[in-house]
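Protein chains: 2
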Amino acid sequence: MSQQTLIIDCHGHYTTAPKALETWRSRQVAALNDPANRPRVAELVISDDELRESIETNQLRLMRERGSDLTIFSPRASFMAHHIGDFEVSSTWAAICNELCYRVSQLFPDHFIPAAMLPQSPGVDPATCIPELERCVRDYGNVGINLNPDPSGGHWTSPPLSDRAWYPIYEKMVEHNIPAMIHVSTSCNSCFHTTGAHYLNADTTAFMQCLTSDLFKDFPTLKFIIPHGGGAVPYHWGRFRGLAQELKKPLLKDHLLNNIFFDTCVYHQPGIDLLTKVIPVDNILFASEMIGAVRGIDPETGHYFDDTKRYIEASTIVVGDDRHKIYEGNARRVFPRLDAALKARGR
Amino acid sequence: MSQQTLIIDCHGHYTTAPKALETWRSRQVAALNDPANRPRVAELVISDDELRESIETNQLRLMRERGSDLTIFSPRASFMAHHIGDFEVSSTWAAICNELCYRVSQLFPDHFIPAAMLPQSPGVDPATCIPELERCVRDYGNVGINLNPDPSGGHWTSPPLSDRAWYPIYEKMVEHNIPAMIHVSTSCNSCFHTTGAHYLNADTTAFMQCLTSDLFKDFPTLKFIIPHGGGAVPYHWGRFRGLAQELKKPLLKDHLLNNIFFDTCVYHQPGIDLLTKVIPVDNILFASEMIGAVRGIDPETGHYFDDTKRYIEASTIVVGDDRHKIYEGNARRVFPRLDAALKARGR
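Note that the protein sequences, when read in sequence, are chains A and B.
Quick note: the first sequence uses the numbering used here, first residue 2, plus one each step.
Quick note: the second sequence uses the numbering used here, first residue 2, plus one each step.
Read the hints as simulated data drawn from the structure, not as lab findings.
Here the structure is a predicted model, which is why all the values come from computation and not from measurement.
Warning: the hint list may mix true and false statements.
[To be verified] Dumping the calculated DSSO-like pairs for lysine-lysine here, alpha-carbon to alpha-carbon at most 30 Å:
| # | chain 1 | residue 1 | chain 2 | residue 2 |
| --- | --- | --- | --- | --- |
| 1 | A | K173 | A | K218 |
| 2 | A | K278 | B | K173 |
| 3 | A | K310 | B | K254 |
| 4 | B | K250 | A | K20 |
| 5 | B | K344 | B | K173 |
| 6 | B | K218 | B | K278 |
| 7 | A | K218 | A | K249 |
| 8 | B | K278 | A | K278 |
| 9 | B | K249 | A | K20 |
| 10 | B | K310 | A | K249 |
| 11 | B | K310 | A | K254 |
| 12 | B | K249 | A | K310 |
| 13 | A | K250 | A | K218 |
| 14 | A | K173 | A | K344 |
| 15 | B | K254 | B | K278 |
| 16 | A | K344 | A | K310 |
| 17 | A | K173 | A | K254 |
| 18 | B | K278 | A | K310 |
| 19 | B | K20 | A | K250 |
| 20 | A | K250 | B | K310 |
| 21 | B | K173 | B | K254 |
| 22 | B | K278 | B | K250 |
| 23 | A | K310 | B | K250 |
| 24 | A | K250 | A | K278 |
| 25 | B | K20 | A | K249 |
[Claimed, not checked] From the structure, some residues in chain B lie toward chain A, with a derived Cβ separation under 7 Å:
| # | residue |
| --- | --- |
| 26 | C189 |
| 27 | C192 |
| 28 | F193 |
| 29 | H194 |
| 30 | G197 |
| 31 | L201 |
| 32 | N202 |
| 33 | T206 |
| 34 | T213 |
| 35 | K278 |
| 36 | V295 |
Yeah, the Cβ is synthetic: ideal placement off N, Cα and C, and Gly gets one too.
Start from the sequences, fold in the hints, and give me the full structure.
In structure tokens:
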């Protein structure tokens, strides 16, 4: 591995935002049926010092301890909660959250680059998200988006990702050369624990929606990152290869792997080993999703569960140039605007 | 491994039933809103010869080719379709399907032993399933049941498995000493492909429902088999260990592994290797779910994807007495009525 390899974490959320953000959101939610009493955006005041502290004592501290350089940073996934309120509520909330991630990226330009949440709302045309998407790319330098395949929060009332209803988003993604991480938010269905079931189910579901469709024939350059190591997909890679064959689809490498990528948010060594053994190295992007769902120390190793760099470093499967691809090369390829931003800074 | 090891496949469905069964069901479904025109049960006539042929040319042929001895045999999972019609529709259908599996077990007593589907119906009290459950145990010698955590077929409108609504079923399971395989049926939600997303999601979901609850404190001897290798669970075992820790639950081995077992329906070698590396051998039961979702030949190996015995045989992780446990010992322990039935036949 080159000495110069940048360690790029493609999956970080602003889970440690100052308390004022949550307080504002609580007021917004409390006034859902009482628009006149909704808090104004201007009532949320968070200083640069507060932002700095929330990052320096949390994400940046851990990035330094663990040795990662740059995080693609988006609003807290579980707080997107697209199921709450209507489009206007989601729109205001998305704008606030995206601005905060942008400000973090301006305060720490060497360490954070933003990805946007969208103002999705159940039953609302995804095309309504385009103004916020374009604002984030144009004004904030966002290099990707998070796309929620289930804005209902666990009721799965939207059409599959292969449906033409989503195409306006994909057209803009292709136009602006940005990928989407397919990432749900909080489950409001009591069957699904948010981070233990809903997230992983959504990953598997999204992959299968792509597998059964010809989406990437319509959008040959569209790129999706499926987080959390791809849900159940790599573990059941034989099943998915077999299902594709039953459905008379091409081999998965031709059918999906020019467009779908998996992150390394798998919190134990055997899982990372399976992922890296089964999925081609060109389709794996380093990520930790820290500080996220699993914040504790693994009593079996003495290290943080979500310190995924340790698993890559300990891997006997990912060696040499393959590490460079997972840490940096693939991220530059999948996020071309990230690559351009880095090059503009001489990196 | 002892020469005498029985190879017990704990997960087989009657996917090859004579066409007359599907025809009858189609008539039942067509007359959902016209009860007077529903077909009578007596109109379904399938001879023993037809049953024999459907088994001998399919499951039994493959069992002989692959070298498995005995299959725990239940009605076709995707055909349970509990979301169709009301309780009476489900009840009639379950009775028919369970009787066919019983007849197969009588025709091939050395090779098949039945497990029951239940006449679940969305929004209907699970306790209504008890008469069919008891009939199958008492009259048909069933050794287990399949319990559908989502009778709505992908809308997830039932409470989690930890909810007291399910307790009447659990009380009967404990009383009769039978385990449940947690197995959904067809998805009627266009987001979820049945065998590529809904099945795996349900496995993960069920595990997490147990993890977040104290169900097994109330039922210390209750036993669940989570099929399809546990969905996403073993691949994300670190995540689940970490989530249990965040939730102040005991270690998973103490919290869940006296009660939860995984089958080996994982259709490639790296997946089986991950499963057997991560999950204690006492919690793994051999299974193939053939002839099921993935019926083709893996071009990478030249063998059937669902010939899971090959992966166990090729394993360098599962050796010696551990193979005996996975093939036979664990199944006898988890299905005590199977063990008793085998012993009664001198096996």
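Hint numbers the structure violates, sorted upward?
2, 26
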